[in-house]
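Undergrad: Single-letter residue listing:
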Amino acid sequence: MAEPRFPQSMIDEDAALPTVASLYDELDEDRTTEVMTINIGPHHPATHGVLRLVVDLEGEIVRDLKPVIGYVHTGIEKSCEDKSYWKVIPFVERMDYVSFFFQMEAYCGAVERLIGLEILPRAKYLRTIMLELNRIHSHLVWLGTTALDLGAISMLWYCFRERDRILDLFEMATGQRMHTRYFQVGGVIEDIPVGWEEKCRSFVHDMPIRVGQYEALLDRNEVFLQRTKGVGIVSRERLLELGVTGPLLRAAGEPWDLRKAFDYLAYPEMDFNIPVGTVGDNYDRYRVRLAEMVESTKIIGQALDALPGGPFIADDRKYVLPPRSELSTSMESLIHHFKLVTEGYRVDPGEIYYAIEGPRGELGCFVLADGSSKPARVHFRDPSFVNLQAFKDMAMDSYVADMICSLGMLDPILGGVDR
Amino acid sequence: MLRGDLEGEDLEKYVEERVVTTTFEKMLNLARANSIFPLTFGLACCAIEAPIAIVTARYDLARFGAEALRASPRQADLIILSGRVSIKMAPVVRRLYDQMLEPKWAISMGACSSSGGMFANYAVVQGADKFMPIDMHIPGCPPRPEAVMYGFNKLQRKIIGSPDQGWRQRYNAAGTEEWARGGPASKPSVEAAEAYELARELTLA
Amino acid sequence: MPDGPGLELLRGEIEVDASGAVLATSFEKERAVLIVDAARVLDVLAWLRDTPGQGYRFLSSLHVADYLPAEPRFGVHYELLNRDRVERLRVKAMLPSESPEIDSAVDLFPTANFQEREAYDFFGVVFRGHPELTRILLPEDYVGWPQRRDFPVGGEPVTFTYSEKRYG
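First to last, the sequence lines map onto chains A, B and C. If you read the first sequence in my numbering, its first letter stands for residue 1, the second for the next number, and so on. If you read the second sequence in my numbering, its first letter stands for residue 1, the second for the next number, and so on. If you read the third sequence in my numbering, its first letter stands for residue 1, the second for the next number, and so on.
Derived from the structure by calculation, the hints contain no laboratory data. Computed from a predicted structure; not experimentally measured. The reader is advised that the hints may include incorrect statements.
The calculated DSSO-like cross-link candidates involving lysine-lysine, where the alpha carbons are at most 30 Å apart (straight line), are [claimed, not checked]:
#1 Lys92(C) <-> Lys260(A)
#2 Lys318(A) <-> Lys229(A)
#3 Lys87(A) <-> Lys130(B)
#4 Lys392(A) <-> Lys229(A)
#5 Lys374(A) <-> Lys29(C)
Each pair of labels, with its calculated beta carbon distance range [stated by the list, open to error]:
#6 Ser99(C) <-> Ala68(B): 27 to 35 Å
#7 Pro255(A) <-> Glu28(C): 25 to 33 Å
#8 Asp168(A) <-> Lys26(B): 52 to 60 Å
#9 Pro133(B) <-> Met172(A): 35 to 43 Å
#10 Val190(B) <-> Asp82(A): 57 to 65 Å
Ideal Cβ placement from N, Cα and C applies to all residues, glycine included.
Generate the whole structure from the sequences, applying the supplied hints.
TA: This is how it looks when you write it as structure tokens:
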């Protein structure tokens, strides 16, 4: 592990205390240490969501840290067992609420692999475009709120201006800003409208310029550098032991990205790099995420150029709703529609675990099917939940202010942590 | 102007044109409504839309006077419950609400805090109404920032003292309000209670 | 994912060092699964992690599923990942209904800390040797194991004004 800032406790238990303290010593004989346990949260302006931290402080130095979670536990996994496969999609997208498309992709991809349904190329590309837009969205929310925590308040306004442009794109394509239920088992629910591509291209053209402006604001800001350089270093081996993935792991120097490791969606045909840090401190994490935003714009640009034509959802009427125009002409379509909407399709018994690269790390979905029309178990391996175990390592033996900075750079989203 | 410049009726008219009389209550309510200090409190998905998105430049909440978001409940007037209230968080929210000083208001934003939303299960409190009084419910999942602003404006009108009657005005159902538990208006007046009973009879008949 | 024949070879190799631990193998939907005896699961995991040719050093996910009508009822899944060869392998241990207990994998994979607490919180599966096995997501004084199949989903029926009067 890298050198902690204050490895030794500075309390000298044998030293003679000054006169004021000795007065108190007469009153309370067992008071020998100065370790103070304070409670941060669950409502606190600096925690990203309702995270409660029980911190043992010696002066301002953190000696022990215990995260207490569960304050936004929604029982999503239990609710999913009660709903047909199609109805689970709006539930799971509300887990990690800034990266909603990723949860949909993990779940729909898992069910598609269970059924053995192949999705068509246009759907793959559309899904890839939406996923990368969501990745930029998630990183913008992270940057705005983390810079706000560190005191760079203007960043919030600039990042959310870009975020609103992305949400305009989502709204134009799907009708809803967040939680769009756009991905369905078999493809996407509807095609992108006319004019979406131009808007997306203009966004993709502007985004790297904006990222350059964010860097100009923060990269050489003395206060920002002092607060983030050399802070919160955890070694690569320790992060791998703790199961940490995503930008945290990449900032520590490990080039591990599921988009490159496993072939899913349209990523094998895209040409992009994976930014990797060197030291693994908070500054590296910041740089890695900013670079990832630029890489995502490259992916979106390439996907828009290569977007194939064709249908946007699979044709298999057993699992996919028929188009409404057919309902008035074909009796079979009507029966399929009725069956799918009321009971839903049945999936043969089996289980699968499918993982994708979310903005915070490996987002895995485990689906257990028991032959009925409702899943028997849906479990999400959420990256924030596992990454939170590294927080203690990041914050130990350094100042409280460094702990807040590390919490921002850790980027936990408590909806995903608590599910 | 000097004393003696205007006399009698001219003086009366002159004063009437320049002075507004009102009750102290109304003036105070006007001041309260236009300078609300919201609490920075976000639970889940709705928190990204409010309080974060509505204070940003596109949906500026500051133009209604609510720019100063306060982190401490002791200094805040308004708590916006943005997100699902889980059973572990409910006592915490109640404690926060209790720590706020009168006069205070609560907006329940989104479907999850108004009624449990889509999560009808063991872990979510089915509506924050179950443990605290709420002044305004905003539907949506998540509601657009414009919807939150509309709800905020409605709350402002309620504070001023002229609440939007909404459908009750359109359908002549003036006496059908139900009052929340506690608070100064929790016991309806006799006429209002009778009107309520009458309205219920009419709808059920 | 080791393919079908590769999986059988793997089982053979494990038999040499930890005989009797692997009860069955399964290869479905292009995923390799080793079904192991619950008492020997740490041997198998340590073998998979430390043997030079194998190197499944990353535990992606540890979760429990309830196969209720079937006995043994709880399946503890360990999703292992070999990052050098980019291969996934699932190790499954089945636990019975009464007093489901299994050894904790925290010493082998520290990432299992929170995930085992979550499994305990939702299913009541006890992980022997875990440093702090308490409820993590539900309130500490909650009674019951919600994610089990026989636990009700909960919630309450939506009441409409007219239905109270008409239906009582």
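Undergrad: Compare the structure with each hint and give your call.
TA: Hints versus structure:
1. Taking the CA atoms of Lys92(C) and Lys260(A), the gap is about 27 Å. The hint holds against a cut of 30 Å.
2. As the CA atoms of Lys318(A) and Lys229(A) are separated by approximately 55 Å, the hinted pair breaks the 30 Å bound.
3. The straight-line distance between the Cα atoms of Lys87(A) and Lys130(B) is roughly 27 Å, inside the 30 Å bound, and the hint therefore holds.
4. Of the supplied pair hints, the one linking Lys392(A) and Lys229(A) holds, its CA atoms being roughly 18 Å apart against a limit of 30 Å.
5. Taken as a hint, the Lys374(A) and Lys29(C) pair is honoured in the structure, with Cα atoms around 19 Å apart against an allowance of 30 Å.
6. Checking the proposed 27 to 35 Å range against Ser99(C) and Ala68(B) shows it is violated: the Cβ atoms sit about 56 Å from each other.
7. Judged by the Cβ atoms, the range 25 to 33 Å given for Pro255(A) and Glu28(C) holds: they are separated by roughly 32 Å.
8. Restraint check, Asp168(A) to Lys26(B): a C-beta distance of roughly 41 Å breaks the suggested window 52 to 60 Å.
9. Evaluation of the 35 to 43 Å hint for Pro133(B) and Met172(A) yields a pass: the beta carbon distance comes to about 39 Å.
10. The hinted window of 57 to 65 Å between Val190(B) and Asp82(A) is violated, with their beta carbons roughly 47 Å apart.
Taken one by one, the earlier hints fail for this structure at numbers 2, 6, 8, 10, listed in ascending order.
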